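**Q** Heads up: the sequence lines are chains V, E, Z and P, in that order.
Read in order, the letters of the first sequence correspond to residues 132 to 636 in the working numbering.
Read in order, the letters of the second sequence correspond to residues 132 to 636 in the working numbering.
Read in order, the letters of the third sequence correspond to residues 99 to 264 in the working numbering.
Read in order, the letters of the fourth sequence correspond to residues 99 to 264 in the working numbering.
A few chain P residues that don't get close to chain E, going by computed Cβ distances all over 10 Å: (1) Gly210; (2) Lys241; (3) Ile242.
Distance windows between CB atoms, simulated: (4) E/Glu462 with P/Gly158: 54 to 62 Å; (5) P/Gly146 with V/Ala295: 53 to 61 Å; (6) P/Gly158 with Z/Gly158: 33 to 41 Å; (7) V/Arg583 with E/Ile198: 48 to 56 Å; (8) E/Asn355 with V/Glu388: 26 to 34 Å; (9) V/Arg583 with E/Pro457: 34 to 42 Å; (10) E/Val584 with P/Ala246: 42 to 50 Å; (11) V/Glu462 with E/Met580: 34 to 42 Å; (12) P/Asp157 with V/Ala225: 57 to 65 Å; (13) P/Ala246 with V/Lys172: 23 to 31 Å; (14) V/Asp532 with Z/Lys254: 53 to 61 Å.
The hints are simulated quantities; they were obtained by calculation from the structure and are not laboratory data.
The structure displayed is predicted, hence computed values, not measured ones.
C-beta atoms are modelled at their ideal positions from N, C-alpha and C, and glycine is treated no differently.
Each chain, letter by letter, is given below.
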Amino acid sequence: MSKKYFKKILVANRSEIAVRVMHACRLLGIPTLAIYSTADKNAVHARMADEAVEIGPPPPRESYLAIDKIIKAAKDNGVDAIHPGYGFLAENPAFAEACDKAKITFIGPSADSMRLMGNKVESRIKMADAGVPLIPGMKRAGASLEDFKKTAEEAGYPILIKAAAGGGGKGMRVVQNQKELKESLEAAQREAKNAFNDDTVYLEKYIEDPRHIEFQILGDKHGNVIHLFERECSIQRRHQKIIEETPSVAVTADLREMMGNAAVKAAKACGYYSAGTVEFLLDKSGYYYFLEMNTRIQVEHPVTEMTTGVDLVAEQIKIAAGEKIPDYVKESRQRGHAIECRIYAEDAENNFLPSSGEILYYEEPTGPGIRVDSGVRQGTVVGVEYDPVLAKLIVHAPSRDLAITKMINALKEYKILGIKTSRRFMIDILSHADFKSGKTYTNFIPRNMSGRVVDTVPAMELGAAAISTALIKQSPSTSGGGLKKTTFSPWTAIGSWEIGMRITR
Amino acid sequence: MSKKYFKKILVANRSEIAVRVMHACRLLGIPTLAIYSTADKNAVHARMADEAVEIGPPPPRESYLAIDKIIKAAKDNGVDAIHPGYGFLAENPAFAEACDKAKITFIGPSADSMRLMGNKVESRIKMADAGVPLIPGMKRAGASLEDFKKTAEEAGYPILIKAAAGGGGKGMRVVQNQKELKESLEAAQREAKNAFNDDTVYLEKYIEDPRHIEFQILGDKHGNVIHLFERECSIQRRHQKIIEETPSVAVTADLREMMGNAAVKAAKACGYYSAGTVEFLLDKSGYYYFLEMNTRIQVEHPVTEMTTGVDLVAEQIKIAAGEKIPDYVKESRQRGHAIECRIYAEDAENNFLPSSGEILYYEEPTGPGIRVDSGVRQGTVVGVEYDPVLAKLIVHAPSRDLAITKMINALKEYKILGIKTSRRFMIDILSHADFKSGKTYTNFIPRNMSGRVVDTVPAMELGAAAISTALIKQSPSTSGGGLKKTTFSPWTAIGSWEIGMRITR
Amino acid sequence: MNYEFKYKDEKIEIGVAVIKDGTVVTIGDNLYKVNPLSAGKFLIESNGIKKTVCCVVKDGRAFVDVDAVLLELNLAVQDDSVSGGADAHAGEKDKVFAPMPGKIVKLLVNEGDAVEERQPLVIVEAMKMENQVNSAAKGKVKKINFKAGDQVGTEKPIIELELAEK
Amino acid sequence: MNYEFKYKDEKIEIGVAVIKDGTVVTIGDNLYKVNPLSAGKFLIESNGIKKTVCCVVKDGRAFVDVDAVLLELNLAVQDDSVSGGADAHAGEKDKVFAPMPGKIVKLLVNEGDAVEERQPLVIVEAMKMENQVNSAAKGKVKKINFKAGDQVGTEKPIIELELAEK
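Modelling step: build the complete structure from the supplied sequences, incorporating the hints.
**A** Pasting the structure below:
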């Protein structure tokens with residue numbers, strides 16, 4: 132049978148990503164140890180593990196971020212490797228070092244790679260040295276009009292003037308050509324002065340309608356680094372990705388090769404191993420610019436898995452154990468199209484406020500090419516302490532058109548009641564003509580969704596019809612023919628009509 | 132968006148395959164019409180369709196086999212294509228002709244292809260003409276010892292002598308070399324005479340430890356025929372396949388090409404279009420022999436889908452609408468390893484008797500690379516009228532070893548209570564050293580599983596522990612500390628502890 | 099039976115009649131045939147369109163999902179007295195009304211017949227469902243106002259009975 | 099509480115004690131810690147091995163699934179009188195027993211203390227679970243037979259009480 136890579140893996144995370152990691156451990160025959168905060172005693176991830184230990188109270192600082200407690204739990208329970216998932220301690224070099232010190236394998240890159248890529252200034256310099264394209268602009272604030280003129284010409288118009296102390300669009304100006312430069316610069320400086328009492332401004336290339344394109348990287352501890360193609364994650368709300376897909380309609384075969392090579396170069400430049408992601412902005416002319424490198428498994432990794440057939444988390448574990456990237460991974464190609472929707476606990480019809488409460492009804496969509504990575508089930512109480520991603524719905528189909536259809540159907544079939552989720556919002560995005568035609572830029576949501584209205588009348592009427600049926604069917608004397616009549620208190624009767632799964636504890 | 136291939140498709144089947152077909156229709160944006168017998172009013176397939184019509188009483192002859200009723204339902208409801216699934220009318224040329232006559236597209240091959248391949252004698256002649264290898268032997272009963280000698284030498288020893296009137300091993304003799312021939316022939320003739328009062332015997336090549344290897348075929352109405360690689364279905368119980376996988380450990384790249392070409396030749400010889408399967412026996416020396424061609428979508432098609440990324444049912448529908456086989460299908464390659472286990476309602480520990488009753492608890496396994504094609508849910512009443520396949524569990528993993536691990540875990544996680552299913556039996560097969568090492572011959576089950584014993588003690592004790600916990604927790608006065616005591620009638624108390632999903636109707 | 103629900107500030111007034119396998123619900127001019135599937139799931143047909151509606155009620159809050167549109171309804175009023183259809187006539191045991199507007203499929207009694215309580219009197223088809231209407235009391239058939247094939251509303255009784263003495 | 103189940107012709111005799119979050123079940127020499135997860139699902143630990151057990155009861159038949167081994171159990175006898183552990187001593191309110199064999203974590207009272215009914219007296223750890231044992235009656239602590247850290251069985255009382263007059 133398969134090789135035993137580790138004796139026991141502690142999964143230092145919660146919810147869907149902890150579950151995902153445990154699936155990979157189970158595949159490789161490695162027992163798992165879950166950690167959970169007191170709020171997560173009955174959580175899916177704590178139940179799924181072979182063993183589980185309580186690690187502290189709900190605030191992450193006292194549980195999922197408590198390095199000492201986690202290392203102690205690992206030592207006390209015969210753990211020889213820790214997978215950090217994403218978020219929490221996944222990109223914390225101190226944690227990787229604490230693992231090293233405790234002679235526990237950290238399933239991720241080296242602390243040095245993390246530290247380098249975590250520093251946005253240093254990493255840009257490193258990338259520039261390695262020949263990875265960056266957004267052209269000033270390295271620091273400009274001094275004179277001539278400075279701005281020169282840099283603007285180098286970067287190419289349109290350019291963007293930004294306040295150094297900036298934020299919220301104040302002191303920000305798009306400049307289309309050199310004629311406008313002087314006037315815009317002065318206006319931006321005045322605005323910045325008024326807003327921040329600091330008129331320092333700088334300049335970078337303005338990228339109109341950019342796309343967020345990232346490349347999946349896999350490196351081993353023997354110096355091999357490959358990429359597993361792109362993901363497009365342009366559909367974002369306030370810089371939060373919500374829909375991801377691969378392949379990108381904007382990435383041609385040539386561009387894929389160029390960007391993929393740049394991504395591999397970026398990873399090699401920091402001596403990277405494990406799974407990682409190199410993020411780029413892509414403009415309409417096919418120019419791409421390095422944004423940052425994420426030194427962890429990404430939320431959206433399943434779309435890569437569905438199209439390449441590679442189990443990225445299993446490969447991470449094998450790499451951590453010293454294995455080389457296997458041939459079947461090196462030779463894998465993209466096949467078909469995959470889309471992921473993040474199922475957030477939020478109210479899309481009410482300013483995307485986080486939604487909390489108990490999940491009273493839960494049913495996942497099923498069918499060929501549908502995958503659900505979930506951290507919840509019926510009865511889960513969704514709190515506000517943690518990340519609002521409840522689950523991820525991923526579909527795979529031969530073409531983008533078919534994947535969109537499959538996703539819309541699956542979102543409708545995915546039933547989560549008791550809290551709000553933004554499934555309808557995502558259906559509306561996927562059904563939008565601009566999405567279908569691939570006009571997916573990072574400003575898609577403000578551009579296309581700001582005037583969005585949901586017609587609640589059908590749901591109101593159908594819902595009322597369903598509930599009244601439940602009410603009347605509850606009444607013992609209303610079965611049978613039409614001529615019967617009774618009085619009863621519906622909210623009392625309906626009390627016993629709560630859904631399913633009564634916990635016996 | 133995608134092309135509209137048909138206005139509405141009637142799915143002339145039930146249970147998991149009807150559900151599977153509807154998933155493909157939904158993917159292609161085609162509304163569906165289900166038919167159901169009175170026993171299936173609440174069945175999953177009837178609920179899933181956009182529309183559903185009752186077609187008759189439970190006996191298949193009066194419902195799922197009633198051609199006239201089905202054609203009428205199609206005409207009455209604006210249906211322009213019918214998918215027959217597998218079983219029932221799927222290989223009935225008269226049904227295909229009735230569809231033609233009613234100007235409804237039959238989603239499958241032509242009636243002529245079906246008729247030809249349905250006739251085992253004619254199809255063998257056709258295959259021999261096309262140069263597809265058949266099991267060598269006599270075309271008819273032998274007359275003299277010389278006849279037998281000659282044919283035996285042509286076929287090569289060992290050979291098998293069989294009674295023409297035969298069955299049950301009577302009059303059957305394996306002959307290892309020519310020296311044994313005369314004596315064995317006479318013995319066989321005597322035995323045949325005694326058993327059937329007819330001493331006619333014939334001869335064919337004896338294949339020791341054969342494997343069942345079949346090739347997936349896809350043909351369009353423009354004369355294109357391709358194969359989508361093999362499936363090994365050697366794990367059979369009484370000629371019923373129970374575990375299928377792809378790729379086969381016994382099929383090398385060269386053999387795959389040879390057998391694939393033979394399969395395409397076989398399909399072309401009968402002018403085949405739609406999805407079909409050419410079945411072979413493969414012996415230990417790498418010789419293969421045509422068995423038969425199945426002119427339908429096969430139960431085990433998902434393992435091909437999981438490894439090639441092709442949606443075979445969707446392609447069937449498109450081909451029926453006149454589409455050519457698309458390039459991505461032609462170019463698809465095998466990736467990773469897939470295994471399917473058929474979940475039969477049967478009692479493996481009691482002579483595989485069919486099991487019927489209500490499904491009281493139902494939970495499907497989840498995780499990356501796990502697919503469940505199911506026709507049941509909690510509350511489904513499993514009867515004895517229909518095929519006992521409740522569902523199919525399919526896994527995909529990078530290697531065969533990992534696929535076996537994933538399948539064993541998934542079988543454990545798949546919970547179906549209230550009726551018996553042979554999940555444990557399949558775990559025992561998958562865990563057997565011969566299965567793991569790929570010694571999968573068609574006699575695997577009699578050879579390796581006949582002395583199988585299940586240790587029920589742990590389940591007995593754990594089950595009793597769980598139930599008694601449920602019982603004691605039911606009692607209102609036993610919560611809290613350890614020193615309490617009560618008397619109550621547990622089976623009364625437990626009555627209210629039945630599981631989940633109470634139907635309100 | 100009538101209910102009134104509230105969604106935010108909107109009121110939804112509903113009439114419900116029980117039929118075989120489910121209910122028929124009227125909201126304004128819209129007719130819905132509701133078929134409970136399993137706890138929390140309902141199949142609703144209206145104007146030939148079929149939808150699966152998911153809803154759960156807890157602590158007086160009703161959560162609804164229709165094609166991923168989520169909302170929360172509250173029950174405002176339940177009023178038995180103001181009602182359309184057969185329910186409106188529930189006190190009048192000597193008059194047999196259709197449970198909802200439909201077509202008379204078959205009359206099971208003739209004028210002058212003696213009838214028992216709960217004896218089937220007439221079959222009315224509505225929304226492709228046949229509904230049997232039973233006698234609410236023992237008595238004799240005094241008058242039949244419709245024949246098979248007639249369209250029937252809920253205001254005029256199909257059959258009038260002469261009730262037996264108590 | 100004791101139960102007796104039947105599987106085919108085999109008898110399974112069981113002792114059950116309720117602890118925080120679940121029960122401890124004894125079958126012969128085996129100890130099982132049972133934690134109900136959700137309706138039909140139980141997490142059972144024994145000798146450091148964790149198993150999820152699925153079971154459903156309907157019409158007096160109990161269906162069990164453990165790693166895909168399926169079987170049906172029937173309840174044969176429920177007997178309150180013959181019992182090991184704390185249950186065996188249930189009538190003796192003046193003696194405080196451990197609910198199951200374990201280790202004394204903490205004594206919450208001293209000899210001579212007056213105690214109320216339901217007052218916590220001692221915490222016993224068994225199978226890594228702490229279990230609080232309360233007084234079954236009002237009285238005074240007469241004698242304490244163990245100290246913190248001691249291993250304790252179920253036969254000798256941990257604490258003896260002098261019960262208050264009724």
